[in-house]
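Colleague: Letter by letter, the chains look like this.
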Amino acid sequence: MSEGLNRLTIAEARRLLSAREISAHELTRACLDRIAALEPSLNAFVTVCEREALEQADAADRRLAAGGAPALCGIPLAIKDIFATRGVRTTCASRILADFVPAYDATVIARLRSEGAVFLGKTNMDEFAMGSSTENSAFGPTPNPYNRERVAGGSSGGSAAAVAAAECLGALGTDTGGSIREPAAFCGVVGLKPTYSRVSRYGVIAYASSLDQVGPFAKCVTDAAIMLRVLAGIDPRDATCTARPVPDYEQALGAGVKGLRIGVPHEFFVEGMQPEVEAAVRGALDHYRSLGAETVAVSLPHTGYAIACYYLIATAEASANLARYDGVRYGLRGAAGDLLALYCRSRAAGFGAEVKRRIMLGTFALSAGYYDAYYLKAQKVRTLIRADFERAFAQCDVIVAPTAPTTAFRIGEKIADPLQMYLSDIFTISVNLAGLPAMVLPCGYDGDGLPIGLQLIAPAFGEQRMLQVADALERSGRVERREPAI
Amino acid sequence: MTAGYEAVIGLEVHAQLLTRSKLFCGCSTAFGAPANENVCPVCLGMPGVLPVLNRRAVELAVRVGLAAHCEIAQHSIFARKSYFYPDLPKGYQISQYELPVCRGGFIDLPADGGEAPQRVRLVRIHLEEDAGKNIHGAEASLVDFNRSGVPLLEIVSEPDIRSAPAAVSYLQELRALLLYLDASDVRMEEGSFRCDVNVSVRRAGSETLGVKAEIKNLNSFRFVEKAIGYEIARQIGELEAGRRVSQETMLFDPEREVTRPMRSKELAHDYRYFPEPDLPPLEIPGPLLEEIRVAMPELPAERRARYVTEGLSGYEAAVLTRDRGLADYYEATASGLRNRKSAANWVMTEVLRVVNETGRSLAKAVPSPAETGRLLAMVEGGTVSLNGAKNAFQAMCRTQQGAEATVAELGLTQVSDDAKIAEACDRVLAAEAQRVAEYRGGRDKLFGFFVGQVMKAMGGRANPRLVNEVLKRKLGEGA
Chain A
1 MSEGLNRLTI AEARRLLSAR EISAHELTRA CLDRIAALEP SLNAFVTVCE
51 REALEQADAA DRRLAAGGAP ALCGIPLAIK DIFATRGVRT TCASRILADF
101 VPAYDATVIA RLRSEGAVFL GKTNMDEFAM GSSTENSAFG PTPNPYNRER
151 VAGGSSGGSA AAVAAAECLG ALGTDTGGSI REPAAFCGVV GLKPTYSRVS
201 RYGVIAYASS LDQVGPFAKC VTDAAIMLRV LAGIDPRDAT CTARPVPDYE
251 QALGAGVKGL RIGVPHEFFV EGMQPEVEAA VRGALDHYRS LGAETVAVSL
301 PHTGYAIACY YLIATAEASA NLARYDGVRY GLRGAAGDLL ALYCRSRAAG
351 FGAEVKRRIM LGTFALSAGY YDAYYLKAQK VRTLIRADFE RAFAQCDVIV
401 APTAPTTAFR IGEKIADPLQ MYLSDIFTIS VNLAGLPAMV LPCGYDGDGL
451 PIGLQLIAPA FGEQRMLQVA DALERSGRVE RREPAI
Chain B
1001 MTAGYEAVIG LEVHAQLLTR SKLFCGCSTA FGAPANENVC PVCLGMPGVL
1051 PVLNRRAVEL AVRVGLAAHC EIAQHSIFAR KSYFYPDLPK GYQISQYELP
1101 VCRGGFIDLP ADGGEAPQRV RLVRIHLEED AGKNIHGAEA SLVDFNRSGV
1151 PLLEIVSEPD IRSAPAAVSY LQELRALLLY LDASDVRMEE GSFRCDVNVS
1201 VRRAGSETLG VKAEIKNLNS FRFVEKAIGY EIARQIGELE AGRRVSQETM
1251 LFDPEREVTR PMRSKELAHD YRYFPEPDLP PLEIPGPLLE EIRVAMPELP
1301 AERRARYVTE GLSGYEAAVL TRDRGLADYY EATASGLRNR KSAANWVMTE
1351 VLRVVNETGR SLAKAVPSPA ETGRLLAMVE GGTVSLNGAK NAFQAMCRTQ
1401 QGAEATVAEL GLTQVSDDAK IAEACDRVLA AEAQRVAEYR GGRDKLFGFF
1451 VGQVMKAMGG RANPRLVNEV LKRKLGEGA
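These protein sequences, in sequence, are chains A and B.
Its first residue numbered 1, the first sequence is counted upward by one per residue in the working numbering.
Its first residue numbered 1001, the second sequence is counted upward by one per residue in the working numbering.
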């Protein structure tokens, strides 16, 4: 009877689990069967934890039987391989951590564990979350479930693909410059990047500390709301994590958009974007008007500087964050020699090309004599970008924009041209620089049947309003979700 | 110093703060644990971990800053200082760079030894974490991370110091301050108080600074003094020989008592400081600052001033306050006595002698201040002589017996009974009629002889003041 259970949403599964109409075991079994059928060719997973998942499912069934189990009890999830998971290898898709087994859980993992969630395994990603296509993985690329010749997006491509292919009910990702939103758009699922500081980063392998944020991938807006409520909240282990109370995000759903003002930034509709993408986004805006929302033109004048600003700040932070992978205490160790040789060999063999490129960029940006011109200037630009959004949100409740200029591009198409690759994040990066919440949901498909994602951006801690607006579009039934044909 | 030159010295002190847990995690700071016992994912720099600032360390830093008259920054930030070394698990040290927690301030050196009081200005005081410790063996090098993440205070002076002894005096004063504040246990041998020295020399009267050398790795006051002395002489030698001093980082070799340059490879660092994104700015709101200010203990300089108003000399006040424990001991000893000065003398001579001779701590070497006070009260009351008390004190240090019991046991109780003394005097004078006559005839010198005879007759236990009085009276009577 477990056939097809993997296609359930979290909301549906939660109802069936608490009614004891299905068991967590059979739900997990259905996901594991789906994974077995699709892997390794989909390559969404770096590590599958079948035994552990079934044990967790059985434990969840006992809690469910006792009654009063929490929201995610027995729900099978996929975890981006950037989250430290106690006893389960955590690679960050890097050779340097290929055999690293943490002795500790990330805070969000601990939260999900205590909720009784089931961990199916660790998903593929761009190495250290550096990339927009999951091609920069030491374990090979994750193709797009809608078209195996296309990328899944990145860096959280494995999580997006796993949700799209119904290998799990939901997944965890991280978003530093668009790493949840772009793959969610490419894979036709819902992805949410919360306000910076809303979710603990403890145990999340750092790429760029002032930009990294944890968020959910889900099959629908309601599921994203359910997951976010569990993920969010104060953490004594993360000094940058906010103490603001966590609202019940589900309550905001169903309220509609009547009377809301939706901002449309003209800077996000650029020359050269795929016409079908623009058409789908404009179509969604028309639909919002038909649902009673007002659209207003807003301007984010410093958008053009966001990519340059991001690649200075993110790489500067990364250059320090990745210094700990030195072959001394854990991870890949190069052949012995003197100390310098140990460092050079370990890092040369352990890191991929894109990671090395970003470490060098960041090291350069922080070097004596260049700091003011690069890092400091980038911080000033960041302040201007933040101010752009503040001004825009004086005129509107949420901003609606495209997620990426195109739908999923071909595997190999941009890998040799880093600058082209960087441009795929042109609409997502400024949100991280401003620390704002944003989410993506499907708003159509292009001529090749590839999904198009609509991006919603809200003021800081405006997740409820953002979810409400996303839910209105989904609930209206305008966008019929097409499952990938696999 | 060679005539015609002046040394210009600035010190950078690293003091370990006396917190129970590390600066950014909950691990113990206890010294002497087995290697890699006091560690966790955070202080091992495991992937994904984050620092959380220790509130107590901040309070202690502010305390020290207030005591050193610094401006306390209500808003300061942490920075990453990047370099690769096996004892540095994250590949960067979390420190403060721009916007340290304390800026400016000064330390006044006590005016002992007849020198004029001297003020050493401070540049800054900031918080940072310690690194681990590399242990090099023949086969391999090992790393002990117990010290990794231990909170340090870096205290940077202006180049206001002009001699090696003044540098030591500054360090002693700083040490006393940290001890008074319970901010550090200042154990140099355990590495909880370390010092880097910047030294340059210039022609006397010159306003421009010479080229400085930095001496690292100084872990005792004696080494600081030796290293500075050697370095000053070396630099003057260079200049006298017509050469230039080059800007160098030196290591002190305690065996040969010389400084030698570090290999340039050891110091070609660009630390690439930038603000630590994992820690929000450190805000010290007014009420917290006030709370810390109110809880400040009395400081050495304040104590010194009070002792002088209580009748001690500047020298005595300086010696007693150098160590908070000694000053506390003195105060507890003197509390029940009429004469505080005699208590001060006693602590500075008898107590310090025993401490120095035994090499033990104050608490272990000598009786409690209450017992010492009781002994001195017996001297004040005439029950025991000063010499008797010294003997009793030595015995008390060995036996840990109380003052009264020791004095009684050693038979040191002084006879202050007028009748008994008069009786002994009468007997002596009667037996020495000849000399009495000579005395009365003008041989005043014989008085001492009579005193000696009476003391002898009373087994040395008579109160000498009373013997003198009674003899004077009796010898005068018959004249």
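FYI, nobody ran anything at the bench for these hints, they're computed from the structure.
Quantities reported herein were computed from a predicted structural model and do not represent experimental measurements.
Honestly, I wouldn't trust all of these hints.
Cross-link-like lysine to any residue pairs, in silico, SDA-like; alpha carbons within 25 Å at most [as the list claims (entries may be wrong)]:
(1) A/K377 x B/K1390
(2) B/K1133 x A/L340
(3) A/K356 x B/Q1172
(4) B/K1133 x A/R345
(5) B/K1390 x B/A1408
(6) B/K1133 x A/L332
(7) A/K356 x B/K1390
(8) A/K377 x B/R1055
(9) B/K1133 x A/C344
Reference excerpt, derived from the structure (chain A facing chain B, CB under 8 Å, subset only) [as the list claims (entries may be wrong)]:
(10) R95
(11) L97
(12) F100
(13) A106
(14) G203
(15) V204
(16) A206
(17) S210
(18) R237
(19) D326
Every residue gets a Cβ at the ideal spot worked out from N, C-alpha and C, and that includes glycine.
Colleague: Okay, which hints does this one fail, numbers in order?
Modeller: 1, 3, 7, 8, 10
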